Each structure stands twice: as structure tokens, then as C-alpha cells.
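S.K.: Residue numbers (our numbering), protein chains in the order written: chain L, 6 to 344; chain S, 6 to 344; chain A, 6 to 344.
What the hints contain is simulated information worked out from the structure, not anything from laboratory work.
All of these numbers come straight from a predicted model, not from anything done at the bench.
Treat the hints with care, as some may be off.
Identical chains blur together in the list; that is why a pair holds if it fits in one copy or across any two.
Computed cross-link-like contacts, PhoX-like style, restricted to lysine-lysine with a CA-CA straight-line distance of at most 25 Å [unchecked claim]:
#	residue 1	residue 2
1	K33	K186
2	K8	K33
3	K79	K168
4	K33	K168
5	K168	K186
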Amino acid sequence: MNKRDFLAVEDWSFAEIEALLALAARVKRGEVLGGLERKVLAMVFLDPSLRTRTSFETGMFLHGGHAVVLEPGKGSWVLETEDGVVMDGDTVEHVTEAARVLGRYADAVAVRSFPRGGDWATARQDAVLQQFARHCEKPVINLESSRRHPCQELADAFTLREKLGETRGKKFVLTWAWHPKALPTAVPVSAALAAVRMGMDLTIAAPEGCDLDPEDVRRIGELSTEAGSAAPAFVHDQAAALAGADAVYAKSWGPVSIYGQAETQRTWFDRYRDWRLTADLMATTRDGRGIAMHCLPVRRNVEIDDAVLDGPQSVVVDEAENRLHVQRALLLTMIGSTR
Amino acid sequence: MNKRDFLAVEDWSFAEIEALLALAARVKRGEVLGGLERKVLAMVFLDPSLRTRTSFETGMFLHGGHAVVLEPGKGSWVLETEDGVVMDGDTVEHVTEAARVLGRYADAVAVRSFPRGGDWATARQDAVLQQFARHCEKPVINLESSRRHPCQELADAFTLREKLGETRGKKFVLTWAWHPKALPTAVPVSAALAAVRMGMDLTIAAPEGCDLDPEDVRRIGELSTEAGSAAPAFVHDQAAALAGADAVYAKSWGPVSIYGQAETQRTWFDRYRDWRLTADLMATTRDGRGIAMHCLPVRRNVEIDDAVLDGPQSVVVDEAENRLHVQRALLLTMIGSTR
Amino acid sequence: MNKRDFLAVEDWSFAEIEALLALAARVKRGEVLGGLERKVLAMVFLDPSLRTRTSFETGMFLHGGHAVVLEPGKGSWVLETEDGVVMDGDTVEHVTEAARVLGRYADAVAVRSFPRGGDWATARQDAVLQQFARHCEKPVINLESSRRHPCQELADAFTLREKLGETRGKKFVLTWAWHPKALPTAVPVSAALAAVRMGMDLTIAAPEGCDLDPEDVRRIGELSTEAGSAAPAFVHDQAAALAGADAVYAKSWGPVSIYGQAETQRTWFDRYRDWRLTADLMATTRDGRGIAMHCLPVRRNVEIDDAVLDGPQSVVVDEAENRLHVQRALLLTMIGSTR
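Based on the sequences and whatever the hints tell you, model everything.
M.R.: So this is what it looks like as C-alpha cells:
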């Protein structure tokens, strides 16, 4: 099939992503009208969404198109994702048929599928997303998989440039935060990739043992080399890491080495309940004016304190708004036109 | 923030509401095309809906706009509504962020949030709606809260004028009806407000002890004075109340004095199972031709008998249709244009 | 009420259906633009959907209209379907009001309601669909009821002609397949009706005792006479039936004589687990090139083997795509224009 998916930002060239961000800036300034007339985006949500759904649905509409929102297992059929299986259990439709059929109705298909337990070796394959990409004859967009959240990554890159101007050589700290659940690693990996793509000096601050997928870590390193940024630093001292930061990205995730092990996770997490982005920590950033970022949804006073979220350093709402603009640019690039 | 919400009809001036009803009449006659091009309404339903959702979604479309429908806890994240809380429980996103972010994607945000147990002193604060209004930078529309159902109130006022012509001095009876559940008071309060706004003589017929919120009752009295209508009458004899009525509005609600007390409610309700709008009662209205109103959904043969709903005195379907027209007028007024 | 519903294909004349299929062909070739401007379709799903929902929503949009998707019991109220009932139980709204009100908001109302247990004598009445048709003042479209799936039937007829060219006198085999649940008979009956309408020689291959509704069988026979096709053959030998077939339609259903009897069904089904459409069976079709059809969703390696679904004889994805085109033609015919 001759088509171009958007499963990970790094699948596209630096030049392509730069063009996309430039288009997003024009879109945000209101300079791009139409371009998606008679175009349909089918969105398949295997997990909940507020921003992703609303921003894509709004983006399609604003340029003359339409988004159809499907929720398998709720309004539509439960999907089978294993190949070659005898489907005599609970699943009613195979992802193969869903992908093929939606590819006939829509001009692009967007899929959200978080990791679903089991072991990490399996979850990291992103089977649902990859199967959609393989079987759908139209371009597939990743709305967050086990491994990446590329639309968030675009928005984060766009927001860093918007807020910091020149990003090269500035300090970006991705800091782990406590959370009652072991969350996926797609967002922290994507945030790190966004920072090094922008030429920033990346520090990842997390408790000892809080590992990311080794291949993802390698990819972050490679991209920082390609982008000419400093080698990423991995540290365990949150306070030291945040000192002098230009941008702080707070995010919780579960260590991949204990992925899916509920009891071990609970014990591990209990030790780090104090990892929280506070106003005191934000005061130590560059000139006390470093920006605070988060992909949302955020648990207030658990991941980030009220004082930060409601204060002048938080850019989380602008960051969420930018989802809309980068996605409009993405859709115009993938299935539209930009006269 | 410099914006105009629509949380309660009485927040707007008499002249503004009159202008809105006049525009709704033009809309219903098909005289108003377009006016909402490139406009997006985000609708947040914390409770179910058929009429509200369909009429708003249709109204936006008919004038060139688009409505996004969100259901937190189903397709989107469970919302936290308390301020300052440490979000380490079940809620994933705070209403503050939802309101702020939706205000960036949409031109207006509409919210449905019924009372959810606890005590009436808390429920009557309408925290979810008020928080949306406070944190969203775009206008917020109330799709029914604990206290008001202002879109229904507009439709009721419009329907009274449409059906009765001159409404001033005519008799409007809001009669309580039995129901297997203790329902909210938003609709009966809004219906009473609609009637006195139209200058009608309001009688509220309900069993002894079936109280509404005292501040709401005071507000109904104040509005009847402002509108130059007779002082509302509160009676316990349903048959006597309905005699000679021009309009009868049947509606069940739970007494606010026993709000949230399941056992007490059950005992109280058991005594009044015979409060039901029957054809015999409707025959006693003015010339046997008084109109029967209800906001829908209605429990047949529990609140209102089949013979009434399927007979010539019922205007409930016209009343529901008018939701569409008043809301189109509301949207055009709040976020559109009416060339 | 002066309106035209689409509850079953055979309610329309041969000439009307031929015109519809001809329009669908023009639609598929991209020759028909617009025609549904300012038109609204309200879709009521009492059961899940992927193709039906996406194809109707896409179809409305492609011609300038809009589809509203409602799911009673999920986002909207639980519907009561019995007439005259005292609604003091779980149902909140009667289908009568839903049908009347949606008829005021929308230009057509489409309803999906599968059989829901009880006995077949009741289920075969299609009460929900019939009540919508009776109470809604706008045209009602059947999105699959207990008895018929007319949109699938149109797509099947269209696909047979598209794939086989001249259909008259060619061999169509509807073969039963095993399935872990006793499925409804709407699709097999509709598929059989599509085949005889196209003038094909119909064979229905199913295990002994696997009966369809007698009135539906009679209707298939009548239509084959009207269409000038051979009398349908009912056989129990799957392999013999498939030999030389031009088209094979695999579909599971529960015998209507044991409808709703879970234990009896289990015992009966256990005996026929080997009824499955395999590549070996497909090799026995005419020149080894007969087409394999299915309405989807399909249980892989239960109803049809991977080798068939992923092989060159399968037309199931084209068949699903054709849903879109026949439905666009249907909507243009029922509520639109075809300049």
C-alpha cells in the first residue's frame, strides 16, 4: 500500500516536521481556511479521551471535514487483535475487518489504544495500532499507543517554541510524579523526544528503578544526536534537576521493568509519594519563570499542586490548545490541501 | 472575563428574553439561515439526554456550526468537582482543566449536571455548572442543573405564548405527580418562572410537605411581581387547582426538605401514588380545552395517562420541538450572528 | 401520515429498488454531489454498530447533511416499548414520545433494534421498529430489526450485480455457519431475498432443524416467483450445496423453533461446530472462483477461515463499502434531491 501513516513523529523527517509546525503556526494565526472539504476521519477510541476527541472533531469541522467517533466495546463491537485466533470467545469483530472497512468509509483512521496488562514485551508491540496500519488502506494516525503519543509530541514541540522562542541549548526537565496508578510511558517518551528535537538539554528526573523502555531511551539519545542537542541526563534528585530549568514537564509513569505487576508496583510507588511538582520547586527554575507543562488530564495536588496549575508559570492550557492547531496542520498535510 | 453565560433565564433582562423569544419565532418560521458558520459548541453531559442533545446538535448544524458531545465517565475522563482536593481517588481530571481546555476548542460550552445525592445545601450550589462558568473563558450554557433548566424554561414560555396567544391573567397550574424516584426540582421551578414571566396566574398544586427550595420560591414570587402577575398560590387539592386552568404542567419532584433521604422519601411518596394527570382532570380545565404540558421524558400512566398524552389537549411534542427553536435563537444570540 | 418508510426492501416496488440501485452506482462513481443540505438523520441504536453507524454518518456528511447518533440506555434514556404499560419500573421514556419528538428534530429517523429474548412470536413483531414507524411523522429507516436488515440487503444485491455482472440464473448459496451465540435471522433472510430479487438460483444449506421464520420463508419463495428465479432449495449437505456456486453467503443464525431456549440451543449448536466456510469448500465453487460474502462482523476461523477472508474470493470488504453507496442513494431518494 502506498500511503503515509503517522504512528510516531520520528517516522517523519526533520524537514517534514518543521513544515508541519510552520503550518500549525499559520493555522493558529487563522491564515488557513478550508482544505478538508468532503473529508472524513474515523476515530477509534479503545480508551477515553477529552482533548484528543474534541480537538480532532473540531479541527476536521473547522476546515470543512467531519470526524466519526467510534468506541468499540461501547457503541460498537468488541475487537479481536490477535492474528490467526479462533474467535469463539468474547470478541465479535477482528481488527483486520474494522481497519479494512473503515478505510473504505474514511479518508484517514485514527486509533487510541493504551497498553492492556499482560507483559511489557507484548504491550510494547502496539499490536492494535500496527494492525490498523497494516490492514487499512488509508493513512492511520496514532492517538496514543503503548509507545508514543505523537500528537502530544507535536503540541509539546510547538508549545516549547511558542513559549521559549529559541529553544536550542535551553534546559528541559522531565520530572516523574507520583500517581495512584502505574501509567503508560508513551507521553514521557514523546515529551523527551519533543525536547531533544527542539535542541534542548534534556534531564529526566525520576526515582531509582523508574525505567523507560530501553529502545525508547536509545531512540531519545539518537534523536538528541541528530538534533545536535546535549546527551540526555538521567538523575534521581528532583530538586537538583529542576534548578535553572527553562521548562519542566511533570508526568507519572510506571517502571517498565515491573510492568503489569500490581503488587510490586504498589510497594514501589509507596516509596515516592512525595514526587510532586510544587510551587517551591517551580521557584527554583530559571529566574523563577520556567514553564510548567503537562499533557492533561492531571491529578491536582498529586502530580502538580494547585498553586502551580493556577499560577503564571503553567502553560498546560495553551499546550492543550496547541493540540488543536498541530492536528489541523497534520490533517491538512495528510489528507487535505493548503491552498 | 468579559463574557455572558446562560445559567438561569432570570440572569438576563426581560427585554433580552423577549428579543430571544421573538428571534425564536422567526427561526421557527424558517426566516433565519446560517449565522453559526465555523462555530463549535462543546456539550458536556454528566447525565443522560435525548431532546437536549439532539436539539442542540441539530440546531448547531442547521446554522452551519457543529456540536461536540462529551460524556465524562463514559467516553471521556471522570471529572473532579471539589476545589483544593488531593486527587488520589477515582477522578482523573478536574473540572477546572476541562472547562479551561474546552473553552479553547469551542465557542461555547454547555453543561448538564443533575444533583448527585449528598445534602441539599451542597447540591443547590450547582458546583459543576458554576465551576465551568468560572473557569471557562467562553460562554457557558446550563443544560439542566440542580436548580434550573433554563432552555426548557424558554421553550415553555414560547409554547405558552404559541398556544394561548395572550397569556396575561390566564391560569397556569403546576401540578405535582407521583414518580418511582425523587426527581430534581429544576424543571418545576423553571416552569413556574416561565409562567409568571408570561404574566400568568400561577398555582402550584402539590401534596403537603412537598416543598421546593425556599430561595427558588422567593424568586418565583419576585419575578411574578416584576412581571405584574398575581401572587403565586400554593395548594394541596389537585382537583380544585385544575378547575378552569388554561395550562396544566405535570411534573414530579422530591421535597427538598427530605432530599437525599431514601427511606423517608419512600414512605412519603407511597402516600401520594394517586397524583396523576388523568383525562378526567383535564376535562375540568377551561372549556375542557386547557393544554397539558410536560418537559419529557414522561412516565406514561404514572405521571400522565395515555389518554391525555395521546389526546388533543397535550402539547408536549410541540413543547419539545420548541426546544430546538429557542435554542437556535439562544446560540445565534450568544455566539452567532443574525444577518 | 403521508410518508414512506424503509422497513423492508420488499415494501418498495421492483422498479423503485432498481432505480435505487442505479442511483447507488452513480453515487459510487462520484457523479452525485450534495442533495442532503440542511437535512438531519436521527439514528437510534438499541444495539451496537460499526459499519451502519459510520456509513450513514459519512453518507449524510458527504452530501451536506448531518447524522445524530443516539444510544438509549447509554447516553440517552431507557425506552419503554410496550403499549398501555404503567411505567413505574426501569424505563424512563416511552418509544412513542421518542419517535414523535425525533420526528420534529430530524428529517428521517433510523432505528436498530435486535430481538431481545422472550418468545419468537413476540420478537418477530418488531415492536420497537413498528412503533417508531407508527408514531414518527418522518420516514423511518430500519437499521436491522428481528426480521430484516434491508440496508444490508440493498448492499448485497448491489454487490452481486457488481461482482457477477448478469446475475440471472447464477447459483447463490446461503450456508449456515456455527457461532457461539444463537444469532438473529434478519441477515440470512435479507441475503436470501437479495439473491432471488437478482434472479439467482437460491440454495439454503443448513443443518437439519435450522429453521427460519415460516412467513419469511414463504416471502422468499414469493419473491423468487415474482423475480422469475428458480424455486429456492433447502438442503442439509453443505459440501454438495457449494459445488459450482457463483456466490456463497456464510451466516450463522439460531433456529427460530428453539428461539430464546438457551439450554436447547447449546445442545443443538454443539452438534454442528464443523459448519465453517473453508478454503477447501470455496475451491469447489464455479471454476474455483465463486465469491464469498458476509455482512460483518465475522468471527474468523469460526464462521469463515482466515484463508478465505484474506484470499481473492472474499468480497466482504467491497460488500461493506457498498453499504455506504446504497445508503447514500437511499437517503437521497427518501429525504434529499438528486439534481
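S.K.: Under a CA distance limit of 25 Å, which applies to K33 and K186: within one copy, between copies, both, or neither?
M.R.: neither (35 Å within a copy, 49 Å between copies)
S.K.: Classify it for me, K168 with K186: is the Cα-Cα distance of at most 25 Å met within a copy, between copies, both or neither?
M.R.: Classified as neither; 31 Å inside a copy, 53 Å across copies.
S.K.: When Cα atoms must be at most 25 Å apart, do K8 and K33 count as within-copy, between-copy, both, or neither?
M.R.: between (27 Å within a copy, 22 Å between copies)
S.K.: Pop the pair K33 and K168 into one bin, within, between, both or neither, using alpha-carbon distances up to 25 Å.
M.R.: within (14 Å within a copy, 48 Å between copies)
S.K.: First find the shortest C-alpha distance between K79 and K168 inside one copy, then the shortest across copies, and answer within, between, both or neither for a cut-off of 25 Å.
M.R.: For K79 and K168, the Cα distance exceeds 25 Å both inside one copy (39 Å) and across copies (34 Å).
In this structure, the earlier hints numbered 1, 3, 5 are contradicted, and the remaining ones agree with it.
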